[in-house]
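Those protein sequences? They're chains D and G, same order as listed.
First residue of the first sequence: 1, per this note's numbering; consecutive thereafter.
First residue of the second sequence: 226, per this note's numbering; consecutive thereafter.
Hints were generated in silico from the structure; no laboratory data involved.
Worth double-checking, as some hints may not be accurate.
[Claimed, not checked] Calculated pairs, DSS-like style, for lysine-lysine (alpha carbon to alpha carbon, straight line, at most 25 Å): (1) D:K72 to G:K558; (2) G:K558 to D:K52; (3) D:K67 to G:K480; (4) D:K52 to G:K511; (5) D:K214 to D:K67.
[Unchecked claim] Quick look at which bits of chain G chain D covers, simulated, 3 or more residues with Cβ under 8 Å: (6) 269 to 279; (7) 310 to 319; (8) 469 to 475.
All figures in this text were calculated on a predicted structure; none of them were measured in a lab.
Beta carbons are placed, not taken as given, at the ideal position from N, Cα and C, and that holds for glycine.
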Amino acid sequence: MIEFVDVRKEYDDVTALDEVSFRINDGEFVFIVGHSGAGKTTMTRVLLRQEKVSSGAILVDGVDITKLSDRKVPFYRRKLGMVFQDFRLFQDKTAYENVAFAMRVVGTPGSEIRRRVPALLHTVSMDTKASHFPRELSGGEQQRIALARAIANNPDIIIADEPTGNVDPQMSMEIMNMLLKINHLLGKTVIVVTHEKALVDTLGQRVITIKNGKVDSDVPAVEEV
Amino acid sequence: MQQTEQQNEQTVRDAENEKNISEEIKQSASAPKTRKQKKKRRYYNPFYFVGEALRSAWRNRVMSIASVLVLASCLVLLGAFGLLIRNINVNLEQLGMLNEIVVFVDYDADQERVDGICAKIKALDNVTFVEYVSKEIGLDTLIKDYPEYASILEDIKEGGDNPLSDSFIVTYGDNSGVLKLESDLHSIPGVRKVNNRLDYATKIEGFKNGVSLVFVWLFVLLFAVSIFVIFNTIKLAVHGRRAEISIMRFIGSTKFFIVAPFVIEGVLIGFVSSIIAYIADAELYKYVLRNMGEELKMIQFVPFKDVNTILLLGFLAIGVLTGITASLFSIHKNLKS
Chain D
1 MIEFVDVRKE YDDVTALDEV SFRINDGEFV FIVGHSGAGK TTMTRVLLRQ EKVSSGAILV
61 DGVDITKLSD RKVPFYRRKL GMVFQDFRLF QDKTAYENVA FAMRVVGTPG SEIRRRVPAL
121 LHTVSMDTKA SHFPRELSGG EQQRIALARA IANNPDIIIA DEPTGNVDPQ MSMEIMNMLL
181 KINHLLGKTV IVVTHEKALV DTLGQRVITI KNGKVDSDVP AVEEV
Chain G
226 MQQTEQQNEQ TVRDAENEKN ISEEIKQSAS APKTRKQKKK RRYYNPFYFV GEALRSAWRN
286 RVMSIASVLV LASCLVLLGA FGLLIRNINV NLEQLGMLNE IVVFVDYDAD QERVDGICAK
346 IKALDNVTFV EYVSKEIGLD TLIKDYPEYA SILEDIKEGG DNPLSDSFIV TYGDNSGVLK
406 LESDLHSIPG VRKVNNRLDY ATKIEGFKNG VSLVFVWLFV LLFAVSIFVI FNTIKLAVHG
466 RRAEISIMRF IGSTKFFIVA PFVIEGVLIG FVSSIIAYIA DAELYKYVLR NMGEELKMIQ
526 FVPFKDVNTI LLLGFLAIGV LTGITASLFS IHKNLKS
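Can you build the whole structure from these sequences, using the hints too?
Given below as structure tokens:
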């Protein structure tokens, strides 16, 4: 579970987050939307512990991550799987190596890496492109590799920051569908930060709207008929 | 019609996606994490870090080579000074152990006078042994020790114009009484000159102290220069990989995982520099022994086999320590930003 409790983040004379409070339960799929400068990216950064909050608390599985020491932050981040708008793949590593690297970083034995990586690539339909470098892949394909990397270490939470920003509309839908499948079939909590209203409206999931650093609305998911 | 076709394609893709989530991934996602799984798993392959260090060094090969050459040059100079001081120390020890004073008599002293001087020397306190060296024996010794001048010295010998004087090698027992003994010898009539080897030792000691001072300053200066060059090499390496480092941080790399390859890169630079410096100093020293050992007979050179181990270990210690120090310093300064 993720809980923001009166989170405030100030930069000099700008208040990026203003007493933000909400809760995301395990296994939920949540969109966080808002116009540019609303505070979406700041919210992602404080959740990732890239930055510290000015006040308030952020509880992840009962642990207040705002009080974590710098030494423990890498271990916290392993609970998260991040997907970025600019993919952030290693350009000098193949698709296979990019996914494997995420597992190597946490000390996974080589035998397990060799076993899981093909399965992960198959999950995102990229098993035929395992030996390709990012420069040889389209935007959508790179994002799928990034998705495979995000779930490589079996994290509890997937955070996708504008995952469809650099892909075409058809691939955007595919990426979203993959995230939905990961949420439904693997039970991961998925948080998607986006400004694409059409995409949000189509999928009928819970939507938290951020406006001027505050939670403007929190619309629950449309129940399936 | 077109919309129906698109919807059908989407349905097919959805079905494919669902199939693609393999049983393995589903099982690992749904299985509760055991206590063992929750514990931090650490299995860092050391070869990975060495491989990354080598890749980084190759990527910045110009700076890496520059660092190696600068550090190797510093070590060669330090090694040369170190060997010089070692040889001086050995010769000082030899001088100190001799416990001998050489007494030269007047050039025109006849045999009767020489015998009288000998008796007086033997009667002095602290004298344990007196050896008489006639001027003829002295000249023969010179001919033997300096064969390159043998022809000239033989001519002098045959001409009967020996420029040397008779002398005595006086062995004493107690170093603390050497100054009094020297004074007593000076006061014996007919004694022209007294050579106290302790005087030589004192002068050489002073020279050695001067060399040591230069050695220390040189060490500090060259150490600082080497650290500066390696610092910048690692700085370039960190800067060149800043995007990678950022990604590594996001996916949960610990500081150790990020930093280790750079430290190993510093160690590699230090290690390679040490080996180069050792080979250079070894060849230089052997060259000196081969070509100057015969000419400088009065100086005793330390055999290379007696210094090669300490030379190698010293270079390795200084080289690797310099590499680690510079790397850690550079990482600390540049990784934060």
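Verification of the hints:
About 21 Å separates the Cα atoms of K72 of chain D and K558 of chain G, which keeps this hinted pair within 25 Å; it holds. Distance check on the hinted pair: K558 of chain G and K52 of chain D sit about 21 Å apart at the alpha-carbon level, within 25 Å; holds. Taking the CA atoms of K67 of chain D and K480 of chain G, the gap is near 19 Å; set against the 25 Å cutoff, the hint holds. In summary, the hint linking K52 of chain D to K511 of chain G is not supported, as the alpha carbons are separated by about 63 Å, beyond the 25 Å threshold.
Using a Cα cut-off of 25 Å, the hinted pair K214 of chain D and K67 of chain D holds, with the two alpha carbons roughly 22 Å apart. Coverage of the stretch 269 to 279 of chain G by chain D holds [criterion: at least 3 residues with CB-CB distance below 8 Å; count 3]. Only residues whose C-beta sits within less than 8 Å of a C-beta in chain D count toward coverage, and the stretch 310 to 319 of chain G has 0 of them, not enough to reach three; the restraint is violated. Coverage of the stretch 469 to 475 of chain G by chain D holds [criterion: at least 3 residues with CB-CB distance below 8 Å; count 6].
Comparing the model with each earlier hint shows violations of hints 4, 7; every other hint is respected.
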